Amino acid sequence: MAPSLEAQFHKDAAIKAGDLTHRDKILRAIGVNDEKIEALKASQFRDWEAARKLAGEIKDEAQARLPELLESFERGINARGGKVLWAEDAAEARHHVLEIARRHNARSFIKSKSMTTEELDLNEFLEGAGMKVFESDLGELIVQLAGQKPYHIITPAMHMSKDDIAKLFHEKLGSDRDAGAAELTMIARRLLRKEFVSADVGVTGANFLIADEGAVVVLENEGNARLAMACPRVHIAIGGIEKVLPRMSDLALFLPLLSTSGTGQQVTCYNSIVRGPRAEGEADGPEHFYVILLDNGRSRLYGREPFRQALRCIRCGACLNACPVFRAVGGHTYGTTYQGPIGSVITPHLRGNGQWHHLPYASSLCGSCTSVCPVNIDLHHLLLENRRDADERRELGRFWPLAMKAWAWVMARRERVEWAGRLARWGEGLTPLFVPRRKRKRIPPLARRSFAEEWRRHEHSR
Amino acid sequence: MSTRDNILRRLRRGRDGWRSRGPSAVDERRPDAEVFADYPQGSEKAVEQFETKLAALNGRFYRAADLGEAARTLEDILAPLGGERFIAHEGSLIREVLAHLPELAWRIDGEEMLAATSDAFSAYAAGISEATALVARTGSVALNSRDAGGRRLTVLPPIHIVLARRTDLLPSIDAALERLGGDDLWSNAVLITGPSRTADIEKILILGAHGPKELHVILVG
Amino acid sequence: MSDRTVSLFIPCLVDQVYPEMGWAMVRVLRHLGYDVDYRPDQTCCGQPAFNAGQWEEARQVAGHCVKVFGDAATVVCPSGSCTAMIREFYPRLFEDDPSRTAAVRLGPKVREFSEFLHDQGAGDQLRASLRARVGFHNSCHGYRELGLRDEARSILERVDGLELVEAPGEPVCCGFGGLFSVKYDSIAAAMASTRLENFMKLEIELLVSNDPGCIMHMRQEAAENGFEPEILHLAELLERALNLKPAHA
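Sequence lines, in order, name chains A, B and C. Numbering-wise (our numbering), the first sequence opens with residue 1460 and increments by one. Numbering-wise (our numbering), the second sequence opens with residue 29 and increments by one. Numbering-wise (our numbering), the third sequence opens with residue -16 and increments by one.
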């Protein structure tokens, strides 16, 4: 039998936490951006705290009007010759993609970076259906070649060194064993350029869905998303239903906000706004444009207070970078599409199968995530709410709930604390029988007498 | 019932269960001038800021007093490219500039090639297009697929050259979005901020990942 | 009771493991002229159950705490975490509970130790000296829930001979997190080790913090990885710097 997700997480976390090479790699990668991001917040925004509060409010407005805004978005896209498709779950979204491919006799796909498509395991699916699929974002290409999942929602290959990547390219693409970063990038450019000009379908994600105009907005740096929506005959954009912003003008705040928090850039290199397929009188562009709106658990989360706040997320990755747990265990350990604090908040709800409750517990609740979130999500408090939710749903097994009940019973009366204290002191020598050494190291011995007892002894005679 | 209706119904029902909806449809937006500390003050400052920002992103900025100077600048940019061919979208500004460069004209393809296959397109060494707007605050170029010769011209060739008039220089992104939004005809618009880049390998910055390796902006007037 | 009376909140960890931290606080407060009131019925703020997700159990314990301290004027607590539990989390914990009013009323009366000293302007009255290069670990709950920034620092800076050195940037978690450090001990240990390494680079002789939980966790890790500087509670450091003799051996 496969180990439970919780047991697997425990095991992987312990391995990664003890891996100092891994730690140094991650701390270096995060450290490079950290200072840049903080400096940029200060130099670009009059008041960063006010800006993120405002962004949270705009996202709240979008949430309060979500059904109407989605309808408005759909009207806009359809009016310009695009087609909006709705998907209840990953399977339905995959089905849509395959149907589109069949309708247009497509055999080859070129994809730009999209975490939403990771929810669909789209590459594996399309390859299984006999299609050719290329990831075109450099980081995504690297993890695709390595047969891995993205390590980080913004930096998929954060865990690999230049040397790891040179070795990988050498094995898979026959390039020089000691190629540098520039050379590796150019290898990817040449390899994928061929695919861009010949692929039938370009697939992109959607960072924002603009309700008033009916537009999909895609942020990137490499130009691969632009190529994916410029060259192929068909463009499919896949986005979660929560990605809606009410107005095109909201982008004036959200483009810099996402770029600043995500990569420490004022705005990313390319911010594309797509309203449809090639319009009349335009020189080029895809003949067909589809937008797949994915639910996949989001509407369930939407109906739940206070968790729905997490649907504000714009996937910038800042909470991952700030999280000391993420820094210790790395992205793959989570076993989720979305790693780090935001992943631990939303995964139990999105999956809804009662098997992800361990993630909210894998947090020291330090609150670093909350303090960096550009849309002001109360992340660490939602982790607490998730724990309560798991307890109410009886997902926690027997041991901890029972232990806590016993603890609370004791703590409800001072006499019980006294008795329990005496009992614990008497039985302290027996702990090696029950508690493994590794855990015992984290707990110091009890004092000879409690403070309460010392007070009685010394202060009563004062 | 369709998936669409199911999702929308579930959302509406979920929303009914909320404690409160909060301020619905409240217009909380602020103009960029109130949000951003680096909002350019005054029009000469705006040119300066555009230049500084673009340079910091490894883009090249040129200021041309008139069409003739713009033409000479364009000639200089293209000079090192020897016998290569170029493609341009001949909007009114580009046409006026190219009128000063008769000896170069045979190397620059126009309208008739914009719909060529992507393969054929890949042979061009540079794409020349007009901007819808320049954004001073961020050093960005805003353009759209209708007025810039489609989608490929501005991303496939390894060099992208943008021409803009002084009146196209706007202070911040909000104004650029407004200008883009005022046109109902394009299908694709993009805010370009520096040449294509990646930092996916050890956060090392490499220019020219998939898009243009060079971005040149000529401001006329 | 005079208006110089303060009630002690002794966290369960201090009660059972580190009573000396409680005494240090008592001595410093008395030295500053406060009458110290200790309520022997007290147990715990309820945070362990709250963090475990068992809010019903947390309410039982918290309800007891509200009863014990209900009529106190000022409660001083040597932990940012327990203070945050009462002040910041009780309103949520008791949201739909009949005893909400009493629970919410207690919050503002509870002051974290460094916060209390700072608010009372105690820095000016301190005639303390300690020659040492000292690092300060600000607890996450103190920093992010209570918004404590320079409170402890302002006190430490008044100690003669004390050189306060700090790591740049936001305070980073030591990995304690209560239940977290038991359930996920390997992650918690790695976090503590990273935290201590950063302090090691500052070449400090003493590490001081304002939370017994962080201190316990860091002390246990220090014993494992050879981190030499002594790790003290702010109250213990002040007790030493003020040269206060223990009332009992």
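Warning: the hint list may mix true and false statements.
Each computed SDA-like pair below joins lysine to any residue, with the alpha-carbon atoms no more than 20 angstroms apart [unchecked claim]:
| id | chain 1 | residue 1 | chain 2 | residue 2 |
| --- | --- | --- | --- | --- |
| 1 | B | K231 | B | N86 |
| 2 | B | K73 | B | A99 |
| 3 | A | K1542 | B | S30 |
| 4 | C | K184 | C | N226 |
| 5 | C | K166 | A | D1848 |
| 6 | C | K228 | C | L215 |
| 7 | A | K1470 | A | R1896 |
| 8 | B | K73 | B | R49 |
| 9 | C | K166 | A | A1640 |
| 10 | C | K92 | C | Y21 |
| 11 | A | K1621 | A | R1482 |
| 12 | C | K92 | C | T(-12) |
| 13 | C | K166 | A | K1495 |
| 14 | C | K184 | A | R1487 |
| 15 | C | K166 | A | W1859 |
| 16 | C | K92 | C | D18 |
| 17 | A | K1495 | B | A84 |
| 18 | C | K166 | A | E1844 |
| 19 | C | K166 | A | R1897 |
| 20 | A | K1495 | A | W1859 |
| 21 | A | K1495 | B | N86 |
| 22 | B | K241 | A | V1656 |
| 23 | C | K50 | A | E1877 |
| 24 | A | K1608 | A | S1620 |
| 25 | A | K1608 | A | W1885 |
| 26 | C | K166 | A | E1877 |
| 27 | B | K241 | B | E140 |
| 28 | A | K1898 | C | R83 |
| 29 | A | K1495 | C | D18 |
| 30 | C | K166 | A | L1861 |
| 31 | A | K1898 | C | G209 |
| 32 | A | K1900 | C | L215 |
| 33 | B | K231 | A | R1810 |
| 34 | A | K1512 | B | P59 |
| 35 | A | K1621 | A | D1478 |
| 36 | B | K231 | A | K1900 |
Bear in mind the hints are in silico, worked out from the structure with no lab data behind them. Keep in mind the model is a prediction, meaning the values are calculated, not measured.
Status of the hints after comparison with the structure:
1. The suggested pairing of B/K231 with B/N86 holds, with an alpha-carbon distance near 17 angstroms, which does not exceed 20 angstroms.
2. Annotation: proposed proximity of B/K73 to B/A99 is violated, straight-line Cα distance about 25 angstroms (limit 20 angstroms).
3. Our distance criterion of 20 angstroms between C-alpha atoms is met by A/K1542 and B/S30, whose separation comes to about 15 angstroms.
4. Proximity of C/K184 to C/N226 is assessed by CA-CA distance (about 29 angstroms); at most 20 angstroms being required, the pair is judged violated.
5. Annotation: proposed proximity of C/K166 to A/D1848 holds, straight-line Cα distance about 18 angstroms (limit 20 angstroms).
6. A threshold of 20 angstroms between alpha carbons decides the hint, and for C/K228 with C/L215 the separation of about 17 angstroms falls inside it, so the pair holds.
7. Taking the CA atoms of A/K1470 and A/R1896, the gap is near 17 angstroms; set against the 20 angstroms cutoff, the hint holds.
8. For the given pair, B/K73 sits about 43 angstroms from B/R49 by alpha-carbon distance, which is inconsistent with the 20 angstroms threshold.
9. For the proposed pair C/K166 and A/A1640, the alpha carbon gap of about 40 angstroms is over 20 angstroms, so the pair is violated.
10. With a C-alpha separation of about 15 angstroms, the suggested pair C/K92 and C/Y21 falls inside the 20 angstroms cut-off, and the hint holds.
11. For the hint linking A/K1621 to A/R1482, the alpha-carbon distance of about 16 angstroms falls within 20 angstroms, and the restraint holds.
12. A hinted pair counts as satisfied when its Cα atoms are at most 20 angstroms apart, and C/K92 with C/T(-12) qualifies at roughly 13 angstroms.
13. For the proposed pair C/K166 and A/K1495, the alpha carbon gap of about 35 angstroms is over 20 angstroms, so the pair is violated.
14. The hinted pair formed by C/K184 and A/R1487 meets the criterion: a straight-line CA distance of about 16 angstroms does not exceed 20 angstroms.
15. Pair hint C/K166 plus A/W1859 holds up; C-alpha atoms about 10 angstroms apart against a cutoff of 20 angstroms.
16. Proposed proximity of C/K92 and C/D18 is supported: the alpha carbons are some 16 angstroms apart, at most 20 angstroms.
17. The straight-line distance between the Cα atoms of A/K1495 and B/A84 is roughly 14 angstroms, inside the 20 angstroms bound, and the hint therefore holds.
18. A C-alpha spacing of about 18 angstroms is found between C/K166 and A/E1844, which places the hinted pair at or below 20 angstroms, so the restraint holds.
19. Proposed proximity of C/K166 and A/R1897 is supported: the alpha carbons are some 11 angstroms apart, at most 20 angstroms.
20. In summary, the hint linking A/K1495 to A/W1859 is not supported, as the alpha carbons are separated by about 42 angstroms, beyond the 20 angstroms threshold.
21. A hinted pair counts as satisfied when its Cα atoms are at most 20 angstroms apart, and A/K1495 with B/N86 qualifies at roughly 17 angstroms.
22. Between the alpha carbons of B/K241 and A/V1656 the distance comes to roughly 18 angstroms, so the proposed pair stays at or under 20 angstroms and holds.
23. Of the pairs offered as hints, the one joining C/K50 and A/E1877 holds, with about 19 angstroms between alpha carbons and a cut-off of 20 angstroms not exceeded.
24. With a C-alpha separation of about 16 angstroms, the suggested pairing of A/K1608 with A/S1620 holds against the 20 angstroms cut-off.
25. A distance of roughly 51 angstroms separates the Cα atoms of A/K1608 and A/W1885; the hinted pair therefore is violated under the 20 angstroms criterion.
26. Taking the CA atoms of C/K166 and A/E1877, the gap is about 26 angstroms. The hint is violated against a cut of 20 angstroms.
27. With a CA separation close to 25 angstroms, the supplied pair B/K241 and B/E140 exceeds the 20 angstroms bound.
28. Restraint check: the Cα-Cα separation between A/K1898 and C/R83 comes to about 37 angstroms, which exceeds 20 angstroms; the hinted pair is violated.
29. Taking the CA atoms of A/K1495 and C/D18, the gap is about 50 angstroms. The hint is violated against a cut of 20 angstroms.
30. With a CA separation close to 15 angstroms, the supplied pair C/K166 and A/L1861 stays within the 20 angstroms bound.
31. Between A/K1898 and C/G209 the alpha-carbon distance is near 18 angstroms, which keeps this suggested pair within the 20 angstroms criterion.
32. With a C-alpha separation of about 19 angstroms, the suggested pairing of A/K1900 with C/L215 holds against the 20 angstroms cut-off.
33. Simply put, B/K231 and A/R1810 have alpha-carbon atoms about 32 angstroms apart, too far for the 20 angstroms limit, and the pair is violated.
34. As the CA atoms of A/K1512 and B/P59 are separated by approximately 15 angstroms, the hinted pair is consistent with the 20 angstroms bound.
35. For the proposed pair A/K1621 and A/D1478, the alpha carbon gap of about 19 angstroms is at most 20 angstroms, so the pair holds.
36. Taking the CA atoms of B/K231 and A/K1900, the gap is about 38 angstroms. The hint is violated against a cut of 20 angstroms.
When each numbered hint is compared with the structure, violations occur for hints 2, 4, 8, 9, 13, 20, 25, 26, 27, 28, 29, 33 and 36.
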